[in-house]
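Participant: Residues per chain, in single letters:
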Amino acid sequence: MMGELLDIAQAAVEAAQKSGADFCDAYCSDSTEVSVEVEKSSINYCSTVRDQGLSVRAYVNGGQGFATVQQLTTEGAREAAQRAVELARAAHPDPDFVRLPDPAEAEPVPELFDEEMAGLDAGAFVDWCLRGIDEARSVAEDAIVQGGAGAGWGESALASSTGIAVSKRASSAGLSFFVIIARDDDVGTFFEQDMARRMQDLEIDRIGEKAALEALRQLGSRPVPTARVPLVLGPLATMSLTGSVISAAEADGVQRNRSWLAGREGDRIASEVLTVREEPLVPAGLRSSEYDGEGVAREPRALIDEGVLTTYLHNSYTAFKEGVGPTGHASRGGYSSTVGISPSNLQIQPGEKTEAELISEIDEGIYVAYAGISPNSVTGEVSTTLDFGFRIEDGECAAPISTTLIGSTGEELLLNIDAVSSDYREEPGLILPSLRISDIQIASEG
Amino acid sequence: MRELIEDILSDAKRRGASFADLRVTDGEGTSIAVEDGQADKVSSASRSGAGLRVLVDGAWGFAPTNTVTAAELRRCLDDALSMAKAASGHITEPGVVAEVEPVEATIESEAEIDPREIPLADRVQRIFEIEQVARERDDRIVNTRANYADGVGRLIIANTFGTFIEQEATRCSARLSTTAQSGEIRQAANESEARPGGYEIIDAIDPGEWAADVADRALALLDAVPAPAGTFDIIIDPRVCGLLAHEAFGHNAEADAVWAGESILAGREGEQVCSELVTIADDPTLEGLNGSFRYDHEGVPAQRHDIIRDGVLVGYLHSLETAARMGVEPNGCARAQDHQNEPIVRMSNTFIDGGDTTLEEIIADTEEGLLMKGGYWGYVFTARGQFTCNVENAWEIKDGKVGQHFRNASFAGLTLGMLSRVDAVGSEVKFDLGGTCGKGGQGMPVDAGGPFLRIRDVVVGGQQQTGSEQ
Chain A
406 MMGELLDIAQ
416 AAVEAAQKSG
426 ADFCDAYCSD
436 STEVSVEVEK
446 SSINYCSTVR
456 DQGLSVRAYV
466 NGGQGFATVQ
476 QLTTEGAREA
486 AQRAVELARA
496 AHPDPDFVRL
506 PDPAEAEPVP
516 ELFDEEMAGL
526 DAGAFVDWCL
536 RGIDEARSVA
546 EDAIVQGGAG
556 AGWGESALAS
566 STGIAVSKRA
576 SSAGLSFFVI
586 IARDDDVGTF
596 FEQDMARRMQ
606 DLEIDRIGEK
616 AALEALRQLG
626 SRPVPTARVP
636 LVLGPLATMS
646 LTGSVISAAE
656 ADGVQRNRSW
666 LAGREGDRIA
676 SEVLTVREEP
686 LVPAGLRSSE
696 YDGEGVAREP
706 RALIDEGVLT
716 TYLHNSYTAF
726 KEGVGPTGHA
736 SRGGYSSTVG
746 ISPSNLQIQP
756 GEKTEAELIS
766 EIDEGIYVAY
776 AGISPNSVTG
786 EVSTTLDFGF
796 RIEDGECAAP
806 ISTTLIGSTG
816 EELLLNIDAV
826 SSDYREEPGL
836 ILPSLRISDI
846 QIASEG
Chain B
197 MRELIEDILS
207 DAKRRGASFA
217 DLRVTDGEGT
227 SIAVEDGQAD
237 KVSSASRSGA
247 GLRVLVDGAW
257 GFAPTNTVTA
267 AELRRCLDDA
277 LSMAKAASGH
287 ITEPGVVAEV
297 EPVEATIESE
307 AEIDPREIPL
317 ADRVQRIFEI
327 EQVARERDDR
337 IVNTRANYAD
347 GVGRLIIANT
357 FGTFIEQEAT
367 RCSARLSTTA
377 QSGEIRQAAN
387 ESEARPGGYE
397 IIDAIDPGEW
407 AADVADRALA
417 LLDAVPAPAG
427 TFDIIIDPRV
437 CGLLAHEAFG
447 HNAEADAVWA
457 GESILAGREG
467 EQVCSELVTI
477 ADDPTLEGLN
487 GSFRYDHEGV
497 PAQRHDIIRD
507 GVLVGYLHSL
517 ETAARMGVEP
527 NGCARAQDHQ
537 NEPIVRMSNT
547 FIDGGDTTLE
557 EIIADTEEGL
567 LMKGGYWGYV
577 FTARGQFTCN
587 VENAWEIKDG
597 KVGQHFRNAS
607 FAGLTLGMLS
617 RVDAVGSEVK
627 FDLGGTCGKG
637 GQGMPVDAGG
647 PFLRIRDVVV
657 GGQQQTGSEQ
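If you're matching them up, the sequences are chains A and B in order.
Numbering of the first sequence is given in my numbering, commencing with residue 406 and proceeding in unit increments.
Numbering of the second sequence is given in my numbering, commencing with residue 197 and proceeding in unit increments.
If you're looking for bench data, these hints aren't it; they were derived computationally from the structure.
Accuracy of the hints is not assured; some may be wrong.
Per the computed footprint, the stretches of chain B lying under chain A, defined by three or more beta-carbons under 8 Å from a beta-carbon of chain A, are [unchecked claim]:
| hint | segment |
| --- | --- |
| 1 | 200-206 |
| 2 | 295-304 |
| 3 | 607-621 |
| 4 | 653-659 |
Across the chosen pairs, the derived CB separations fall in these ranges [as the list claims (entries may be wrong)]:
| hint | chain 1 | residue 1 | chain 2 | residue 2 | range |
| --- | --- | --- | --- | --- | --- |
| 5 | A | 743 | B | 253 | 38 to 48 Å |
| 6 | A | 479 | B | 636 | 13 to 23 Å |
| 7 | B | 616 | A | 591 | 41 to 51 Å |
| 8 | A | 437 | B | 265 | 45 to 55 Å |
| 9 | B | 292 | A | 539 | 37 to 47 Å |
| 10 | A | 498 | B | 301 | 23 to 33 Å |
| 11 | A | 803 | B | 301 | 39 to 49 Å |
| 12 | A | 543 | B | 214 | 53 to 63 Å |
| 13 | B | 214 | A | 520 | 47 to 57 Å |
| 14 | A | 673 | B | 378 | 41 to 51 Å |
| 15 | A | 539 | B | 202 | 34 to 44 Å |
| 16 | B | 616 | A | 803 | 20 to 30 Å |
| 17 | A | 627 | B | 325 | 36 to 46 Å |
| 18 | A | 745 | B | 325 | 25 to 35 Å |
Here are the simulated lysine to aspartate or glutamate pairs, DMTMM-like style, with alpha carbons at most 25 Å apart [said to hold, decoys possible]:
| hint | chain 1 | residue 1 | chain 2 | residue 2 |
| --- | --- | --- | --- | --- |
| 19 | B | 281 | A | 539 |
| 20 | A | 726 | B | 467 |
| 21 | A | 573 | A | 798 |
| 22 | A | 445 | B | 289 |
| 23 | A | 726 | A | 677 |
| 24 | B | 281 | A | 419 |
| 25 | B | 281 | A | 456 |
| 26 | B | 635 | A | 768 |
| 27 | A | 445 | B | 467 |
| 28 | B | 569 | A | 526 |
| 29 | B | 594 | A | 850 |
| 30 | A | 445 | B | 295 |
| 31 | A | 445 | B | 231 |
| 32 | B | 281 | A | 532 |
| 33 | A | 445 | B | 253 |
| 34 | B | 635 | A | 438 |
| 35 | B | 281 | A | 438 |
| 36 | A | 726 | B | 295 |
| 37 | B | 635 | A | 599 |
| 38 | A | 758 | A | 768 |
| 39 | A | 726 | B | 525 |
| 40 | A | 726 | B | 289 |
Given the structure is predicted, the values throughout are model-derived calculations rather than measurements.
For each residue, glycine too, the CB sits at the ideal point set by N, CA and C.
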């Protein structure tokens, strides 16, 4: 089938060139997703979704036309190609567009596709869900479990007028449970999840149990005083903050002056204890691939090196406009999405002390188990709720917090990091330690 | 097509389904992106397909396809039945649906001007002109982005009760984002005009007013200072009020969350849960709003749903399934993003009803607090009833007068509690929050609104400690 997909993509490219495209590329995908949903601790829904489609991107005088269709036929590809060229002609010329990238050799990234995973049926996911429900109820009989399990697999192909012709197969499976435990008017909730590209990396047991144990810990939440305090971001909160900061380094926003990191390449934007690397070639990594969404070979690199922003993230448009080489960060969310920019696997370099040791050095502060701490990509400012966390008192996590917000900026949060934990959460390709951040403004009712 | 759809549904029943429904879609859309004076990206999408759902022995199975042929629909039926059978035997809370009278209807598009009749070059020029007004407003405007989108589609909703509805729908939208910069400070403002209807929506935009306002809001924020942190009396505008109604109560009133034990409002029907000044409703029948529709995606006629009346919880938003589970009549709240997703309970146009005072009176009556305008985003954890609303602007209120302009503020609270502290409600209701609500991985057009209202003792997350305590 992969050969067929590539044939269809190449037919689209030929048709777009015949219609007058200066440059063009075509992307096809054929995916299947099977999932089982849990509602109120019962299996509720099973679905199987097969999705096929293609998109063609054509340039005429730099103007871009983009057309998608939800079918995979040579005829459909040609029609989409002609349409993309018509749209490109209707667009304004863009003098900043230079060209699409040339083909490049890349080492294959192994184990992105697992035959066993792609062969799973709904019965397997029903079993995983029943296990999760039982585990949660073994922690608390009255636990209410929501969530589900499933897997997706598929093939995709990319061809371009510059000679790029690549295809890949990939699979992933995961399970996620959100547990609710109520005691009178008090409610504790939390979630746990796991996802992997091969069965041997997937943790099926204890996901429901972990979610329930954390939900129990969230009972009895209370406000804290409004003050400036140190924060310890657990791995999930760390992922939110670092992911958001790296997104602000996408060159499109930077070049357009709508990113708070514009003009900051080479600057110290974070404490020197913070190093964030990108490792796109990790075997079976969740965000691994040898090529980016435009067929550019990806390579490992430091994005933040001892606090210094080392590079912006480019696709071919932003790279050639800037006069630099593409960095392999072009992304496609699927056949219906235009090409954007995003990083692959992020790995934060661990520090020297454990999370528990970092907490033990705090007299009064907040441990953030989870919060969407995402500075606004334009302003760099953040004002949001610390959704799940604990008050730190005398070096230990105490009562869970309620209705507690932070007001800060991305730069303040990054520069005030005074330690990275030595222990970390590891997902395939990702390394997520905890971060300790000094002196951040919080507001609450206490 | 009708014969094929009815054949598939009959087959579903014959093969053991107690209920089945099929949605068939066919549509196309165009979008145009302008940034910094160049309309250099034009896109089109063609979408079609069908989603088949079956209920067998209390288990739901769902299978969609992008290719609407007899063979593919039969493959979907096989897959959906197989999915339901995989789940049956493991169900502790069997799925059910409320029986409803079949509906036969044909709904024509409400568009006055079909956007496809407007030459593409004219659509490009129009959105370019809108962006141009914002771009040329001031030298400190350093980035402008505008997006035009239209979509024309046909949706067939059919089920084993005999419902068969064909509806044509057209949507048009314009969105604008501006970034202003002064020194190291960058600030942004966004606006959108989106609702069911044709190109008349775009024609009605006055760029000199609409786009200039977005630029002016970003420019004004350059002179604002970071908001204080602490507990304040807040006065919120219709946009923030709509955000609050949507996040704090709307999601909690969705009956799938209520039934699943995932809503703080579960089991509280008839209880006083807000100040008696507060009435909240959700109404898809309001004309010309982003969340308006005639039939939901299970074929139930749209209707107004009262959620809170004079502070008392009076009702929830239902699908066929939640209505059956809770023993009430379905009220038409199930919608699906597209044929690849099943219908789930969604809000439409959610609002807090008007009271009997004015903004001026509320401000004059406030000794110390914050006036908040422009809802950016929000979210809620329904099981705990904890929500967050992020706003574009805040102003200090002192001794009944508006003072210092603040930026970067959010407020948060618990659903059961915060709206009990509402003590002043403006009389004029505005809907000003047309956008997309995300739930269960599905995006759905919604609107929200309300009057100006005042809430006492609300936690605000700002950057400044100074002045944080009252």
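Participant: If a hint holds in the structure, say so; if it does not, say that too.
Facilitator: Status of the hints after comparison with the structure:
no.	hint	result
1	200-206	violated (count 0)
2	295-304	violated (count 0)
3	607-621	holds (count 4)
4	653-659	holds (count 6)
5	A/743 / B/253: 38 to 48 Å	44 Å, holds
6	A/479 / B/636: 13 to 23 Å	36 Å, violated
7	B/616 / A/591: 41 to 51 Å	18 Å, violated
8	A/437 / B/265: 45 to 55 Å	18 Å, violated
9	B/292 / A/539: 37 to 47 Å	25 Å, violated
10	A/498 / B/301: 23 to 33 Å	47 Å, violated
11	A/803 / B/301: 39 to 49 Å	59 Å, violated
12	A/543 / B/214: 53 to 63 Å	34 Å, violated
13	B/214 / A/520: 47 to 57 Å	37 Å, violated
14	A/673 / B/378: 41 to 51 Å	23 Å, violated
15	A/539 / B/202: 34 to 44 Å	42 Å, holds
16	B/616 / A/803: 20 to 30 Å	28 Å, holds
17	A/627 / B/325: 36 to 46 Å	54 Å, violated
18	A/745 / B/325: 25 to 35 Å	27 Å, holds
19	B/281 / A/539	21 Å, holds
20	A/726 / B/467	62 Å, violated
21	A/573 / A/798	51 Å, violated
22	A/445 / B/289	8 Å, holds
23	A/726 / A/677	31 Å, violated
24	B/281 / A/419	46 Å, violated
25	B/281 / A/456	22 Å, holds
26	B/635 / A/768	39 Å, violated
27	A/445 / B/467	24 Å, holds
28	B/569 / A/526	50 Å, violated
29	B/594 / A/850	21 Å, holds
30	A/445 / B/295	23 Å, holds
31	A/445 / B/231	46 Å, violated
32	B/281 / A/532	14 Å, holds
33	A/445 / B/253	18 Å, holds
34	B/635 / A/438	19 Å, holds
35	B/281 / A/438	17 Å, holds
36	A/726 / B/295	60 Å, violated
37	B/635 / A/599	21 Å, holds
38	A/758 / A/768	17 Å, holds
39	A/726 / B/525	59 Å, violated
40	A/726 / B/289	58 Å, violated
Checked against the numbered hints listed earlier, the structure breaks hints 1, 2, 6, 7, 8, 9, 10, 11, 12, 13, 14, 17, 20, 21, 23, 24, 26, 28, 31, 36, 39, 40; every other hint is satisfied.
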